[in-house]
Every structure is written in C-alpha cells, then in structure tokens.
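Protein chains: 2
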Amino acid sequence: MNFLEERIIRDGNVKEGNILKVDSFLNHQMDIQLFEQMGEEFKKRFADANVNKILTIESSGIGIACIVARHFGVPVVFAKKTQSLNLDGEMHIAEVESFTHKCKNQVIVSKKFLTEEDHVLIIDDFLANGCALQGLIQIVESAGASIEGIGIAIEKGYQLGGRMIRNLGYHLESLAIVDAMDAVTGEITFRDNATALEETE
Amino acid sequence: MNFLEERIIRDGNVKEGNILKVDSFLNHQMDIQLFEQMGEEFKKRFADANVNKILTIESSGIGIACIVARHFGVPVVFAKKTQSLNLDGEMHIAEVESFTHKCKNQVIVSKKFLTEEDHVLIIDDFLANGCALQGLIQIVESAGASIEGIGIAIEKGYQLGGRMIRNLGYHLESLAIVDAMDAVTGEITFRDNATALEETE
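Protein chains in written order, with our numbering: chain X, 79 to 279; chain R, 79 to 279.
Hints are computed from structural coordinates only; laboratory data are not their basis.
Which copy is meant is left open, so a pair is good if it fits within one copy or across any two.
Calculated lysine-lysine pairs in the DSS-like style (CA-CA distance at most 25 Å, straight line):
hint, residue 1, residue 2
1, LYS159, LYS182
2, LYS159, LYS99
3, LYS93, LYS190
4, LYS190, LYS99
5, LYS190, LYS159
6, LYS99, LYS189
Excised from the complex, chain X in its bound form (with noise of 0.2 Å):
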C-alpha cells in the first residue's frame, strides 16, 4: 500500500450510498503534508511531462492543485461551476451531465488562462463517473491546448470514468484506486497501484 491508501484505511469511512468520507483530511479538513506527499508522487509519475499550467475545477481539487503546482513551479486555473459576475470577457464553457443526480453543469474558464500555448496536467481529487473530468477534458481540448496528463487523488476504479479516460488515451495516474468497498464491514479493496509506482522509482 502506498501513503495515499494507508491513509484511507486508517481514517477514511466507507458509508451506505457509495459513499467514501475522506472528509477528515481530503475535501473538508485537509493535510497539508500529505497534499505534499501527493504532489512529489505525481510529479514523479508525470516526470516526462512538459506542464506549464496545473487545471482544476472548484472547490475540493482547489487545495490539492495548489500544493501539485509547488512541485512543478507552475500555476493553476481552477474551472467554475457557475457564471460569476467578475468572469467578464470570453469564457471556454462545457455542458456535462451528471450520470448520478438528473441534472446539468457548466464548467467554465476564461479564454484568457487557457490557449494553444499551454500543456496543461488536470488535478482533481475524486475520479468516478467522471462528469467533471470530462468537462474539463473538453476545455482544454475546445482551447486548443494539450493535455499532458491527469491526476486523481482517488479513482473509484468499478465506476465507469478511470476505464473511459484510459481508452481515450490520456495518461491518467490515480495515487488510489478503489476497486471494491463495504458499507457494513468498511472494508475497502484497492487495484494493486505499485507497477505505476515502481516505473517511475
């Protein structure tokens, strides 16, 4: 098990509903040594990677992007979920629809921190079905930019999104991967991680 994972296991809660609370130190309350520890193991990962510009999208992916970026000595854009008063100018604007709640949202960014120029590395702390990665998937790809990889702090890996991605040809690393877990017993089985891990050691 990596850091990532034996963190899970030690204060995540699996709940009814498909549920994993990682609230004490992921999405509501977070650790910022461990942010550090995720951003030196993605920056491993995406050694290769020509980054000039981390992507996010608000607001629990803000806090991870911003201690990634440190370790690539660049700075992020975070998308919007709704238009803002102050977003003047030309915005790139995708339409996802959720899979899980029957409804539509927006991801935005303004055509000014995204163009042709950049390589950007998408952050985001959660990966399921994949609705907001694929919004922010169709941004950068709508501004002409090139994606040079994607993170995921945890990937649910028996929901359809990690699968979809990975047959786009993006390369994606997820630190952990769930591959089953349990409401009643809390046990949570992770997808054997160390291959990527060892690759790039």
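Starting from the known structure of chain X, arrange chain R on it as the hints suggest.
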C-alpha cells in the same frame, strides 16, 4: 508598496461596478509563488499567534489558505456554502445576509473539525463588507474555538467590513488595503500599510 500592492498595480484591473479584477493571479488563475510570499508575510504578521488550524471558505480562499498553511505547519478546513450529501454528522451552520445581493448565504463546517481546542487563523482572498468573514467568525465562536487572527489578501478599505472586524477587537491583517479605485482612470490608491509590516520585521 509591498509585493502584493505592486502586483495589483501591474496585473489588476478596475472595472465599473466596484470590481477589482485580479483573476490573472489571485482568484481564477493562481500564482503559487505569490501565494508563497503571502504565506511568509502572514507568518511574520502572526508570529506570536498560537495557530493549530487555518479556516477559509470555498472557493477562492482555498488556494491561498493551503499555501499559507505550509508556513504554519497546520491543516486547513474550508467552510462550505451549501450543504452537501457527504457532510453527515453535526455541523456548525451560520446564516449570513448579503449586503449587496438580497439573499442569505450559509457557511457550514463539520463539528468534527472545529472544536474548543482549536486556535484558528482565518484566511480569505477578499474583504469588502465582510459577510463571509462574519459567518466564519460566528462559526468559530459557536464552536468555542479561539480566533488567533484574520489574514486577508485584499481589503476594500472604503467598505465597512474591515473597520467593523477591527472594532470588534480581532487582529486583522490585510496585505493590501484599497482605499480608492477609479474605473475610468484605472487608478488604485492603497492605505499606508507599512507600519504593520515594520512592526513584524
């Protein structure tokens, strides 16, 4: 002028409707090196504060808070504005009324992550009328935690929030205090902030 004031002059834009656009480095695209300087500066200004947790609010406060947290070696908790499915358990909820928009907003933090043992530094990107900040203060007080300080990137000094918070006795430090700005000429006038800087250097 300090580093943030210089950056605001260089890359900020004053727009009609009391808008200071700093989205190229602060709240849409985020300059992580600038955030590091802000972290160093807050660490100086709150050198005597006994801080074990940083509290901020989604979304644009999160990035700054995470980088500032590195300089204090503490975790970050970010308050949510809407109740999410995953936030089970008991929550601190503050209702705050917006001065500018005719609506009420909620500020929500899980009771697990804010208790009477916590010594909190509140960090946010902007302070104008201070509604969000009032909600955060309300939540810290209701948790029985103590507020060791409040660190803001940009304060609109001609609006009421900062004066009110200082009148209440809180140790509020804003890295740049805008006393006036003109959408026609683009001119921005900063309050003399040097005293606070010298005191801690």
